[in-house]
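Each chain, letter by letter, is given below.
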Amino acid sequence: MATVEIRNVRKSYGPVEAIKGIDIAIQDGEFLVLLGPSGCGKSTLLRMVAGLEGITGGEIAIGGRVVNHLDPKDRDIAMVFQNYALYPHMTVFDNMAYGLKIRGIPKAEIRARVDRAAEILELGRFLDRRPSQLSGGQRQRVAMGRAIVREPAAFLFDEPLSNLDAKLRTQMRVEIKRLQDRLGITSLYVTHDQVEAMTLADRILVMNHGVAEQIGTPLEVYQRPASLFVAGFIGSPPMNVLDGRIDDRGGAVLLPGGQSLPLPQPRPTEAGRPVKLGIRPEHLAVADAGFVIEVELVEALGADTVVYGRLPGGEALLVRMAGLPSCRSGDRLTVSPPADALHLFDAVTGRRLEG
Amino acid sequence: MRGVALLDKRRRGFLFNPPHASPLRHAQPTKDHPLQRRVTFDNRLLPYLLLAPQVAVTLVFFIWPAAQAIWQSVHLQDAFGIRSEFVWFENFTHVLSDPNYLDTLKVTIVFSVAVTVLAMGVALLLAVLADSKIKGARAYKTLLIWPYALAPAVAAVLWMFIFNPDIGSFGRALRALGYDWDYRLNGGQALVMVIMAASWKQVSYNFIFFLAGLQAIPRSVMEAASIDGAGPVRRFWTITFPLLSPTTFFLLVVDMVYAFFETFGTIHALTQGGPGKATETLIFRVYQDGVVNNDLGGSSAQSVILMVIVIALTAVQFRFVERKVHYA
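First to last, the sequence lines map onto chains A and B. Heads up: the first sequence begins at 1 in my numbering, then just goes up one per residue. Heads up: the second sequence begins at 1001 in my numbering, then just goes up one per residue.
The set of hints was computed from the structure by calculation and includes no laboratory data. Quick caveat, the model's predicted, so the values are computed rather than measured. There could be a bad hint or two in this list.
What the hints assert, rightly or not - Lysine-lysine pairs mimicking DSS-like chemistry, simulated, CA-CA at most 25 Å apart:
| id | chain 1 | residue 1 | chain 2 | residue 2 |
| --- | --- | --- | --- | --- |
| 1 | B | K1277 | B | K1106 |
| 2 | A | K101 | A | K73 |
| 3 | A | K73 | A | K107 |
| 4 | A | K101 | B | K1324 |
| 5 | A | K177 | A | K167 |
| 6 | B | K1133 | A | K73 |
Hey, can you work out the whole structure from these sequences and the hints?
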């Protein structure tokens, strides 16, 4: 158990900079999720912590010890790979015992540790099997077991659930969460799935193009996205974004369609500034006055309904309502958000306007 | 990666399944047999016609010569090939009671084991090096494959130009250093030289397969092992080597057969089995007795014995060695 500190870490491949300076201190026992689209550098960052990629600049410290020049085996970490990376010629027992044998741990203790891990992961019946004789979910658990028995300073997960079907993924997600709560081992978890990030993380590091867009708890990231990118990446369906302008008194946002939405706090200093207005689909509700949309498509998901609408100016607007659909395509609907559910972003930089 | 997998499958299919047993792919369910995935032929003759070339090749180039060898091995022929007489197993008793034949057998065993071990060991080493991240890996791989394109006799001439004590560069250097190098007189030196020449040719072939085998091992498995604490040497012996075992086993069988049968050209061009009989292997003796000494019956008996030895060896390999092979 240990802290993991990442200080101004950079990675370049020739002239291309893949990671442009990431800073984060992960607390002992914390579950940090690295979230971002493919190619954002999140896996590279994880592999640098593991020691599988060289570090171009900056420092990584595990348990207070700088590990930049240590081999993976000396970093006291365990990793779960996307394709599980089990040793195909070894039994489940030997897969889990491999790292312990190398470290010269006595046979009896190896047996005890593997048995304990097998019990936690319900793998007891499969210890004599080869990976090829297991299902995807079972292989995933063996990969977890191999990490657990090592009792490392930190767990590294590289998209561990991506190769599972949707149902198993949900189930394993809960198991990982339960396991981490129980073992309390510092974890770094890479995913592109926002649901995994929201449910597992103590904190989320949202990455885009090698930069940390935002670091925060799942609710902070959801409620106060630091940029348009984060706003669009977290939440399903994604946040509606409309072009707008703060009016001359700084008390409301003017939209091209002529609507005016009052701001919860007036912004007199920013009067006249062009902005992007973000509204989450789930925050729009049918009202007497507000946005008038023409309904184009209705998706009934059972528990809730997603309405694809279009504003008179042609902009798309998504509305997510609880329960069964109450409208049909072609209908006209008037929806409006509560004043405190508006997100304002700079029209040029995309950064959040605080306040 | 896909190319490697294909190669792997084809190789295994060739060696471990009879070719006609592989199911026909791309088969569309037909109207008459909506659930049948295999191709069915309306014409009863067509399947046999399609099979005919394969059968013909096997018959003409394998079954017929083998049958003829067996037939001749129980006959005694005069030197002009005019008369032949059925002599039961006289040829065999004659061959097997000849002390020279047992010497040849010993030379063959030393030669074959040495060639197999050397060719596989060197190829594996080179393949591991080529698989690691090195500069100019592509050029290096290409160069390593070239020797296989060389005819055995040409390769042997090249070796001669290197090791000849009078005109060979290396041979002259050895002599200049005071070492009494002359493979034309020293049987041990001659055997070492033919072993090296024969191995050298097979290294390329083994190299390709080992490299393909290495590239089929997922990188993440090696990474997992290094995170688990295994250093490069341990990773090789506990992960790489076991995962290469199908390739290693395949090459073991192929190299044994190569050493027994296909090294004739190399030996013929380099030493003609000499000096004395120091480099005379079973296959070379078959040629020597049959073609040079005109003893067709004895030569055929040796052929049959050689065939039995190689069949037995291959059977043993499949029976006992393959058990330790892990097929992914």
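Right, here's what the structure says about each hint:
1. B:K1277 x B:K1106: holds, 11 Å
2. A:K101 x A:K73: Given that 25 Å is the threshold and the Cα spacing comes to 13 Å, the pair holds.
3. A:K73 x A:K107: Holds, because 20 Å separates the two Cα atoms, which is no more than 25 Å.
4. A:K101 x B:K1324: holds, 22 Å
5. A:K177 x A:K167: holds, 16 Å
6. B:K1133 x A:K73: Roughly 20 Å separates the two Cα atoms, so the pair holds.
Violated hints are absent here; each numbered hint is respected by the structure.
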